[in-house]
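For reference, the chains in residue letters:
2 protein chains.
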Amino acid sequence: MKINKDYLNLSENYLFSEIASRVKKYGAEHPDKEIIRLGIGDVTKPIAEPIMAALKSAVDEMGKKETFRGYAPDRGYEFLRKAISDIDYKKRGCDIEPDEIFVSDGAKSDCGNIQEIFDKDNVVAVTDPVYPVYADTNVMAGRKIIYMPCTKENGFIPEIPKKKADIIYLCFPNNPTGTVIKKDQLQKFIDYAQTNDSVIIYDAAYEAYITEEGIPHSIYECEGAKEVAIELHSFSKNAGFTGLRLGYAVVPKALKREGVSLNALWARRHATKYNGAPYIVQRAGEAVYSEAGMKAVMTQVREYMENATLIRTKLSDMGYEVFGGVNAPYIWMKVPKEMSGWDFFDLLLDKANVVGTPGEGFGKCGAGYFRLTAFGDKNDTQRAMERIKGI
Amino acid sequence: MKINKDYLNLSENYLFSEIASRVKKYGAEHPDKEIIRLGIGDVTKPIAEPIMAALKSAVDEMGKKETFRGYAPDRGYEFLRKAISDIDYKKRGCDIEPDEIFVSDGAKSDCGNIQEIFDKDNVVAVTDPVYPVYADTNVMAGRKIIYMPCTKENGFIPEIPKKKADIIYLCFPNNPTGTVIKKDQLQKFIDYAQTNDSVIIYDAAYEAYITEEGIPHSIYECEGAKEVAIELHSFSKNAGFTGLRLGYAVVPKALKREGVSLNALWARRHATKYNGAPYIVQRAGEAVYSEAGMKAVMTQVREYMENATLIRTKLSDMGYEVFGGVNAPYIWMKVPKEMSGWDFFDLLLDKANVVGTPGEGFGKCGAGYFRLTAFGDKNDTQRAMERIKGI
Numbered sequence: 032m033k034i035n036k037d038y039l040n041l042s043e044n045y046l047f048s049e050i051a052s053r054v055k056k057y058g059a060e061h062p063d064k065e066i067i068r069l070g071i072g073d074v075t076k077p078i079a080e081p082i083m084a085a086l087k088s089a090v091d092e093m094g095k096k097e098t099f100r101g102y103a104p105d106r107g108y109e110f111l112r113k114a115i116s117d118i119d120y121k122k123r124g125c126d127i128e129p130d131e132i133f134v135s136d137g138a139k140s141d142c143g144n145i146q147e148i149f150d151k152d153n154v155v156a157v158t159d160p161v162y163p164v165y166a167d168t169n170v171m172a173g174r175k176i177i178y179m180p181c182t183k184e185n186g187f188i189p190e191i192p193k194k195k196a197d198i199i200y201l202c203f204p205n206n207p208t209g210t211v212i213k214k215d216q217l218q219k220f221i222d223y224a225q226t227n228d229s230v231i232i233y234d235a236a237y238e239a240y241i242t243e244e245g246i247p248h249s250i251y252e253c254e255g256a257k258e259v260a261i262e263l264h265s266f267s268k269n270a271g272f273t274g275l276r277l278g279y280a281v282v283p284k285a286l287k288r289e290g291v292s293l294n295a296l297w298a299r300r301h302a303t304k305y306n307g308a309p310y311i312v313q314r315a316g317e318a319v320y321s322e323a324g325m326k327a328v329m330t331q332v333r334e335y336m337e338n339a340t341l342i343r344t345k346l347s348d349m350g351y352e353v354f355g356g357v358n359a360p361y362i363w364m365k366v367p368k369e370m371s372g373w374d375f376f377d378l379l380l381d382k383a384n385v386v387g388t389p390g391e392g393f394g395k396c397g398a399g400y401f402r403l404t405a406f407g408d409k410n411d412t413q414r415a416m417e418r419i420k421g422i
Numbered sequence: 032m033k034i035n036k037d038y039l040n041l042s043e044n045y046l047f048s049e050i051a052s053r054v055k056k057y058g059a060e061h062p063d064k065e066i067i068r069l070g071i072g073d074v075t076k077p078i079a080e081p082i083m084a085a086l087k088s089a090v091d092e093m094g095k096k097e098t099f100r101g102y103a104p105d106r107g108y109e110f111l112r113k114a115i116s117d118i119d120y121k122k123r124g125c126d127i128e129p130d131e132i133f134v135s136d137g138a139k140s141d142c143g144n145i146q147e148i149f150d151k152d153n154v155v156a157v158t159d160p161v162y163p164v165y166a167d168t169n170v171m172a173g174r175k176i177i178y179m180p181c182t183k184e185n186g187f188i189p190e191i192p193k194k195k196a197d198i199i200y201l202c203f204p205n206n207p208t209g210t211v212i213k214k215d216q217l218q219k220f221i222d223y224a225q226t227n228d229s230v231i232i233y234d235a236a237y238e239a240y241i242t243e244e245g246i247p248h249s250i251y252e253c254e255g256a257k258e259v260a261i262e263l264h265s266f267s268k269n270a271g272f273t274g275l276r277l278g279y280a281v282v283p284k285a286l287k288r289e290g291v292s293l294n295a296l297w298a299r300r301h302a303t304k305y306n307g308a309p310y311i312v313q314r315a316g317e318a319v320y321s322e323a324g325m326k327a328v329m330t331q332v333r334e335y336m337e338n339a340t341l342i343r344t345k346l347s348d349m350g351y352e353v354f355g356g357v358n359a360p361y362i363w364m365k366v367p368k369e370m371s372g373w374d375f376f377d378l379l380l381d382k383a384n385v386v387g388t389p390g391e392g393f394g395k396c397g398a399g400y401f402r403l404t405a406f407g408d409k410n411d412t413q414r415a416m417e418r419i420k421g422i
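Residue numbers (this note's numbering), protein chains in the order written: chain S, 32 to 422; chain V, 32 to 422.
It should be emphasised that the hints constitute simulated quantities derived from the structure, not laboratory data. Warning: the hint list may mix true and false statements.
Which copy is meant is left open, so a pair is good if it fits within one copy or across any two.
For lysine-lysine, the following DSBU-like pairs were computed, each having C-alpha atoms within a straight-line distance of at most 35 Å [as the list claims (entries may be wrong)]:
1) LYS33 <-> LYS195
2) LYS122 <-> LYS326
3) LYS122 <-> LYS409
4) LYS95 <-> LYS55
5) LYS175 <-> LYS151
6) LYS113 <-> LYS64
Turn these sequences into a full structure, and let the hints guide you.
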């Protein structure tokens, strides 16, 4: 029996597992210290009232014989896929049908699993810095990865790959830099993909945080995207579902390679390895698209963005160079000279008892940077800024 | 961009998607017919009261800031892993610790994903007939599969593989045949795995249905199993979680290959591609192990087994040859001579409006057999038997 040795090419721990373990160790050694966590992008606000009402009502159904629901359709209930199609797409002028939508237990699973429908020999391009899942899951599958540097100099927008890339992962608003891409910049990637027969995996998990006009919320706002792009969405960041688990992938029927429909391939993967998201969570997801639900989640997003503004301005006032935080819940800061992101992580944990994420965890170009999230409690975020000022 | 062409070696549809689509078509063409579904192994009883209480209470926590929970630990909450370790293992004399347990969104996901930690070049052995997920997911990964025939002649217990098998999937109580394996028979597979450096994937999804003494509920009841076996469990069949989604995998720390811990490999897979089962569902899972919860689920299992007895005896009385249904919720019947399982499927759907699963869907050795499940409503099950008698 041989193991999958591609796993041995990974760092020993997944980034956020490593951070959790360092914080746990520090906490155990300093039980008197109160730690403020602005590291992992986890939300802190409770599920909004209209969504709670839908969740509770669906839970009640599970306790009665007449309304009990067993296996969900593996692609997701029609009621949810229709709401997604209507509100997230058709309302924005993107013609995405319910049968191009696959509901899942979250964008992380989809990010990780989508590569399975592609051959091992494709060349994968990811940005640097990058959300580790895109890279790690392709390392696990033994694929060759090329990196597209995102630096201060290029405004954290990657250049079009110089070498041929078969699969390109993009995430905008970006995790970890908090920066966004304009429509004409994104269009260049679509044109590249059309010329080179590439496929773009577009992670739109943070689109609800876009505050400025002219920034695409979906890749399908660009021309020809349905022939080249898969889009991934999360309910975690806009509606607080990190603990409920819900997401979806869009695989357009127009997306074909080597004469095969990627929609059909993903449908086969979904049917074979997945058994549907829980009915109760799908009903909660449907309520996100109700009038009351949309109002409630927009309020939460606005409140998190107040944290982003606070972090951005306070750090600027302290003399730090900061990026992001305008159309995204992430602030990407340059750490003091001569320090690495991990040095700054340790310093902040020790002196301010504040947890962030070192840029090195996201790739080589993240070296000397540090990510803070706007998902904390408002009061905690304010206190964290005061503590950072004090060091 | 090249697609994963191993997908093209699969049949076009996943078995149960194919059945659902045939039934849907029949229903649309015969809107006046009332169809009784004993096909897919989906439960029909509502979630039991003590589990509902825990679920509702956890849902309430999600609506309040002080008790809201975001991302769950990717391996599952300690409270659930401890309950599993205590009740499913230590109480049975199996020394499985909480850090050898990985909570997931269901055994189907685990069945499908576990092969990722193994090299592509391993030879996989599955029984024939077989739950399609074991075979399909290895076809998708391009592995070579050998089949272990399970026939009336060998009592549906596979022979030890004659060729070398690196990975062996076993499922007992068996889906689809409903038969069980005795401890000494299972021990032979463990001895084989130790001699040949193989790994056994043991699917114990139906262990709650064992009614007779001397049948192992876990592979870890056998000697040396911790060095060779991974065990998969579901909450779907014992506690009615098909629509809530919860399962777990046991990967013992003693299980190593080529000097690498499979527990560590699976931990890395879990952390990278999965973000934890919903907190509310894990609390419901914990309640399954409470005194009231265990009593309630045992009552449900007993009631489903009354259906199994009914199906078994009624079909026998009609002159059919039947297997299973004593320690499992599945009845495996021989269809009338000269007919295929798919012929019988169509006949039953058309003349009795009863849905079952043709044996061919589970493999070549399933030809001429038909699977019925005991998960239906009692009254429906009785009526289905009367209808079958009438044809």
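The hints, checked one at a time:
In the homo-oligomer, the alpha carbons of LYS33 and LYS195 lie at most 35 Å apart both inside one protomer (32 Å) and across protomers (13 Å), since each shortest distance falls under that limit. In this assembly of identical chains, the alpha carbons of LYS122 and LYS326 lie at most 35 Å apart only when taken from the same copy (16 Å versus 50 Å across copies). For a Cα distance limit of 35 Å, the shortest separation of LYS122 from LYS409 inside one copy, 32 Å, qualifies, whereas the shortest one across copies, 47 Å, does not. Proximity of LYS95 to LYS55 under the C-alpha cut-off of 35 Å is restricted to the inter-copy arrangement: shortest distance 25 Å between copies versus 42 Å within a copy.
Taking CA atoms no more than 35 Å apart as the test, LYS175 paired with LYS151 passes in both settings, with 9 Å inside one copy and 17 Å between copies. Proximity of LYS113 and LYS64 under a CA criterion of 35 Å is satisfied inter-copy only: 28 Å between copies versus 48 Å inside one chain copy.
Comparing the model with each numbered hint stated earlier shows that all of them hold.
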